[in-house]
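*Asks:* Residues per chain are reported as follows:
There are 8 protein chains.
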Amino acid sequence: MKSFLTILTAALTIVSGVCARNHAVPFERLDKNDTLLLVLDLQVGLYNLARDWDPTLYYNNLIAHAALGQLFDLPVVLTTSAQQGPNGPLPKEILEMYPDAPLIERQGEVDAWDNAEFRKAVRDAGKSQIIVAGITTDVCTTFLALSLRAEGYSVWANVEASGTTTELIRDVSNMRMEAAGVKLVSLFSIVCDLMRDWRNTPGSKEVLPWLNQYYPIYGMVARGHAAAINNGTIIPGEGGLV
Amino acid sequence: MKSFLTILTAALTIVSGVCARNHAVPFERLDKNDTLLLVLDLQVGLYNLARDWDPTLYYNNLIAHAALGQLFDLPVVLTTSAQQGPNGPLPKEILEMYPDAPLIERQGEVDAWDNAEFRKAVRDAGKSQIIVAGITTDVCTTFLALSLRAEGYSVWANVEASGTTTELIRDVSNMRMEAAGVKLVSLFSIVCDLMRDWRNTPGSKEVLPWLNQYYPIYGMVARGHAAAINNGTIIPGEGGLV
Amino acid sequence: MKSFLTILTAALTIVSGVCARNHAVPFERLDKNDTLLLVLDLQVGLYNLARDWDPTLYYNNLIAHAALGQLFDLPVVLTTSAQQGPNGPLPKEILEMYPDAPLIERQGEVDAWDNAEFRKAVRDAGKSQIIVAGITTDVCTTFLALSLRAEGYSVWANVEASGTTTELIRDVSNMRMEAAGVKLVSLFSIVCDLMRDWRNTPGSKEVLPWLNQYYPIYGMVARGHAAAINNGTIIPGEGGLV
Amino acid sequence: MKSFLTILTAALTIVSGVCARNHAVPFERLDKNDTLLLVLDLQVGLYNLARDWDPTLYYNNLIAHAALGQLFDLPVVLTTSAQQGPNGPLPKEILEMYPDAPLIERQGEVDAWDNAEFRKAVRDAGKSQIIVAGITTDVCTTFLALSLRAEGYSVWANVEASGTTTELIRDVSNMRMEAAGVKLVSLFSIVCDLMRDWRNTPGSKEVLPWLNQYYPIYGMVARGHAAAINNGTIIPGEGGLV
Amino acid sequence: MKSFLTILTAALTIVSGVCARNHAVPFERLDKNDTLLLVLDLQVGLYNLARDWDPTLYYNNLIAHAALGQLFDLPVVLTTSAQQGPNGPLPKEILEMYPDAPLIERQGEVDAWDNAEFRKAVRDAGKSQIIVAGITTDVCTTFLALSLRAEGYSVWANVEASGTTTELIRDVSNMRMEAAGVKLVSLFSIVCDLMRDWRNTPGSKEVLPWLNQYYPIYGMVARGHAAAINNGTIIPGEGGLV
Amino acid sequence: MKSFLTILTAALTIVSGVCARNHAVPFERLDKNDTLLLVLDLQVGLYNLARDWDPTLYYNNLIAHAALGQLFDLPVVLTTSAQQGPNGPLPKEILEMYPDAPLIERQGEVDAWDNAEFRKAVRDAGKSQIIVAGITTDVCTTFLALSLRAEGYSVWANVEASGTTTELIRDVSNMRMEAAGVKLVSLFSIVCDLMRDWRNTPGSKEVLPWLNQYYPIYGMVARGHAAAINNGTIIPGEGGLV
Amino acid sequence: MKSFLTILTAALTIVSGVCARNHAVPFERLDKNDTLLLVLDLQVGLYNLARDWDPTLYYNNLIAHAALGQLFDLPVVLTTSAQQGPNGPLPKEILEMYPDAPLIERQGEVDAWDNAEFRKAVRDAGKSQIIVAGITTDVCTTFLALSLRAEGYSVWANVEASGTTTELIRDVSNMRMEAAGVKLVSLFSIVCDLMRDWRNTPGSKEVLPWLNQYYPIYGMVARGHAAAINNGTIIPGEGGLV
Amino acid sequence: MKSFLTILTAALTIVSGVCARNHAVPFERLDKNDTLLLVLDLQVGLYNLARDWDPTLYYNNLIAHAALGQLFDLPVVLTTSAQQGPNGPLPKEILEMYPDAPLIERQGEVDAWDNAEFRKAVRDAGKSQIIVAGITTDVCTTFLALSLRAEGYSVWANVEASGTTTELIRDVSNMRMEAAGVKLVSLFSIVCDLMRDWRNTPGSKEVLPWLNQYYPIYGMVARGHAAAINNGTIIPGEGGLV
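Residue numbers (my numbering), protein chains in the order written: chain V, 13 to 254; chain H, 13 to 254; chain G, 13 to 254; chain R, 13 to 254; chain W, 13 to 254; chain Z, 13 to 254; chain F, 13 to 254; chain A, 13 to 254.
Hints listed in this document are in silico derivations from the structure and should not be mistaken for laboratory results.
Note that beta-carbon positions come from the ideal geometry of N, C-alpha and C, so glycine has one too.
Taking lysine to any residue and the SDA-like style, the derived pairs with C-alpha atoms no more than 25 Å apart in a straight line are:
1) G:Lys44 x G:Thr213
2) F:Lys132 x G:Ala36
3) W:Lys139 x F:Phe39
4) R:Lys104 x G:Glu218
5) G:Lys217 x F:Gly120
So the derived label-pair ranges between C-beta atoms look like this:
6) R:Glu179 x A:Leu107: 31 to 39 Å
7) A:Glu105 x Z:Thr245: 20 to 28 Å
8) F:Gly164 x W:Thr213: 51 to 59 Å
9) Z:Asp85 x F:Glu105: 54 to 62 Å
10) W:Asn212 x H:Leu107: 26 to 34 Å
Can you build the whole structure from these sequences, using the hints too?
*Replies:* See the structure below:
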């Protein structure tokens, strides 16, 4: 068995190389036909716990997260935690986006995966890639993301739409998810990965007006560009710049 | 004249006391019947220079600034700087708010007060209190605010709706305006000062829905409150808290 | 009148010196017999708007503010804004501290000074120095502080017990109050100014246990000191340090 | 052996996949019947070294850490380092919480695991999951957490209750622990994981009053909710928000 | 004299109003025909003390400061402190900009105004408005700025081109200068104030190419604008944005 | 098979050790003969989205990134995304650096690797080590870096030359790349790794003048050193310092 | 009296101009023959309250503050607050610097000026300019600085040697002192102001070795300069830089 | 071979568990008999590139790093990079600590491991654990640390004694080292790991006076403790605190 051990040792050197990461590493991309969007406990009471964000910005971010389903015609599952209690209901603008989506009102389970109705809704969607954001990051998002990873789902955490009490807690929660293979991604990254090509209209809506609304930095650059084409004139000294 | 000098010296001691600020100091409040709202160079190209803000947040802040006129039925003057050039036009959602307001397209004057048409528009409004925000804070906002102070207007700078390249520049510009008597105020401060009393409907719109849209932190607290009244139930252990 | 003008000019040079601040400037100190403590809109709903603080820390700070009255036997006036609405009631631990203090429930006035009952309560206290903290800093605290300054009261703003949505708003609001002669002070500064001498027991309570509870950094240093005296032993190498 | 090598290579490709994290990853949850709480060197002298926290906040956090045992009836082991020396004793409020818990006064061992009495106390508790926090993060917490991981224990580091001299040291220490499989978690995450369901009363105390005391942000949202149900009235404009 | 006292008291009430800043306040603008540019101790050795800036950024800022003279044909005075010693010489690119400008090599005076040759150079320029930046902010810039203010010059401190060891020192030094009437301004503010109108070519150079080099954020917006006019095409969904 | 399992278990213990990182780990260094430089979407419109950097600094950083090819005579591939649209063209100073390099104008593909022409250009370069930077970090840089890792390329991400909207997004994107084995490196690190020895002139240019231009902190230290040798004199008290 | 009023009004316009600060403002400089150095409550127990500084840095700063007296042969007064209590004694290295200086051990007075012995020691020094630093900034430093200002002393607060619990408290305390005419200055500013000219040896010690010890950033630049002169050689490419 | 695959799969599940980190992980501790201390390029010229630290603090940190050898009688190897050039020599206080230690003056090699003399000095020391710090973190420290890891050494990077131009570069460099198994540790962590027990005198010096000098936060707590034992008296209200 000595030579076997030698081979194993050699193999483990390769593993070591893998850990040192000099090796091809698969790149999993979002496929809009295999993606489910979760709106997890983005409730009006819990919103007050999202202190790692400017409150106006965070409001926009959580609505934008929910609106991803509209842009790409993704299936959506909504869930809340004890919504008659202090946590409160979902914002009605989210409810109005998806009047037909399952809304699982958990009576007490912290980890949504502990709720059978929720598990069923997720499984019924039949997708392997799941986008998620919730309040709080350290509890609702982390517990569900880790539960989904334990089930073998690929999980994309929209880091701009989860919130918690401090930046330290956000960071260690994100590290914890990342260590379990959760992808930590931005809203723009999700949009671009699902869209793939700027020439596509990947769902029933055009991408640019959606970005203009939910990612206004891009909208503003586009507006400046369109205005220049429509009405722009070269100003003195500008001619030589490009 | 000796005793006169004595009196003067005594008086100057009082002045010294004033500077030491142990003395009544007048408090000027916003009066919605004496207030003009300025939308100054909040242009889609200049928006890119507002780096002291998260770009999504700043977009919301500049729209909210413009919307103050709608809430309190204030007269509004719009102005732009060289809008066919890189600075670009105003966002169309602002133009659509005030189709009848004067829009002064300055061809080159940096300080809006250097433009006769703009001066006329401001003077025609006939108000003594002016709310302003612009891009950039150090140039457009500061130059106009100081020009208005030199004319004897009271000026309220909405610090959440001006933007510039760095926080240092923002801070020294704010200090410079403050030293000339400009009031540095928040959006919420402007709303509350114009409203005076939560029981008022100071213009043609209700305040709370407006806040819900532009100051969502208050909207969210209100939603939680309304939801509790409508559908809330006391959860275990909650009874003794209040 | 020429020589008069000369004298005036000379005098104004002195004023200029005053502004350059090379001159004695009076120092007003808190006098526990002339001080009123205000608890202004520190309501459980408004607490959610105090985003410039860690939420656990801010909770402690607002309770500590209220407890200043107990330590120095100060008269206290409590007031709330529209407390049946989203702003909510005061924390009950504050109410229980001062069962006999006036509690002015304003139905709508944003600036507490606009409420006649509140004005009466403040005037009835008969003090010239007022300590205040409220939520939000830019609205409740600033409006009342400026109103009190306009009445000629001396005002101490406890900067650790007011809260608002962002640090920028906190800073410009503090600057605005400071420009009107409001003293911006810390909890520890208020305690030490009212106490004057560590040998005093300025009210009915001892200072050190109070600090141990509300300013634990001092309490911890004191505990280490007391433990060293009671049970401490010099460890190797420690002998030469002092 | 060639085909064996092939299999191994294939297997290592799977390992590579695991490292790329496209694979189910187990999620270990806290089980209140298998959990031990450690209070490690949270001494009044060492408290002065916890400079990565506001001192008032950190005081609250370390008391809250200790109080976890009361909420879930967890076994608790207390230990101190050279407590007659500068490090000082534990705060008496912690000692009073657990008069019957083992208190191991280490005379000199930095790593608590080097002390036989401490090892015995931990082993006697018979649990496999250990929650820990100490001062300093880089020394006391890290050394013990890594020692426990080397013994095969699961370790949850309450990142809100350890402290050290700088944020950089905190961060690299947390990274070091995380690389050894220590879970970096918040107080709220520990509570929710042990509680599992909001309908549970997992120990002899109710969860909500405990949260109200040690995690006041949640307590305040709950108070607002309860107050709305008890005494709330819908204010103008609020009706349409939910 | 009683009525005189009454008048004085009334007058002092007006002064109080001035301090409360409800009064017209003069606005002094930069006049390119009355402005002198100072390059003060921006030496290659002292550069290492400018720790309140990213070093690459600060290098660009100090070169941009020097280049203001080229854009507006301003007179320039250069000075150094003990340049054979550790402080080192000026960067040669600055020397090459102004081969004919006075370069005062102070052998030891910290405050440049203590050097007779420097005072002469400044006075010979015959301007009343002086733009200055130096290293360090707290010593070279502050001492000279205050000396110039004591002489009655108007002083504009380019806050982006002075540097010192910490942000705290920068801030208190800026406050100290501001209290003596020094204007704290940005590079862009100086350019726009001297230029007055975008249609001007205020010196021998065009403004836009200068901005493109030294204030690239504006250059980039202008390049995007010019490119859109030259080669741009409206992309799908963009049409409706403006 | 039992003993085989034993060996495997022993082997896995070694793997565990590898993960615990007590084992030799290969160190891959940049080889200038095996390196390709990518300029990815550093376009004048997209530049406005790079909000995690001071805009002046970032401009310098992206030009410095492009200039790496000149210093080490590296092959360079340029690519743009939809450059007639809002994203705009590359800065002309980059185009002028490499008039003969392939410039792949992608019409719509977000991930450059999805474009066949780009893939061909990269493969034709025939290098195994790729240096990359792009806008935005979370989309352009991350997607391409992960695609290249999936192809088995070694990837060095120049973290100073990618930009995105927030620091949080930058950090999670960097973590995501790092987890796939992408090396996160600084400009100076790339230069020093390619140079290997300060005595080398690794391409057709000298390193020090290049650093003086693009990494001025080093240039300034070198200038001070050269000036001291050329013209320096020891000042009083300096003699004893070294 | 009408014309008198006219003159007064004109005069007040000048005052207004003074406040607008377009006027010469005196610049008071430190005179080493008229300066007293105060070491105020820099006690080993209070040191633990100085949380606005890295603790190692702050230790160096407080020792450097004390050492100013040695460099410039300034008179020094030392004072402590209740030093047998938790506040503890002064560091012995400070006591050893000034064995003959008055050391006023206040038994209880918070504001040192309340202690007759301390007042006598300050007055006996016979200086009009006082440099001060203490712990905490908001209490010890502020109270004494304001008391000294009320007596007409000029006060220089060394902002690097006072400490307190948070940066917010530091900032508002500094603002409060600044409003009373206290100069907020850095260590380097104090040294340079007292020294006036680099060619001076203003006391019995040379300045450069002192700076090397207490302001090492300058020492390091000087060491590099001296080493270059002593042993330096121009490296390839360096020749053209200066 | 099917069952073999089954076993392998099972084994890989264990590996997966290892990655999920639910498994014992070895804890390597520093052994003072097996440790070598490296002082790497901590040169007076390079010091100017260490911008991620306050300069006074960083000076103290790099001296403290060097002094570790004195406390624990560790072998020390010193090395410099091109020290006649801009990088400059080591501080003489470090050279004086170790007059007999090897000092390897590299003429050009960036990575110290590329220098044969340095490799020999390290190997001759005969230790397997190496503590290192250098300037810059991203180049000198990272390259050597990774080279040492490739040789199988255990490496402890003292994160407080390396420096570089920005915090971002520091962080990604630390992540890069951590991924290769480098331990990122604080000064205090190194001291405590080498000391093991507070009762030890691990080298020829006592630990506490060393800490008092290089880690003054602990020294100050110890001084307060010793002073309390020597001269302390319980103050009013203190008795009940412990």
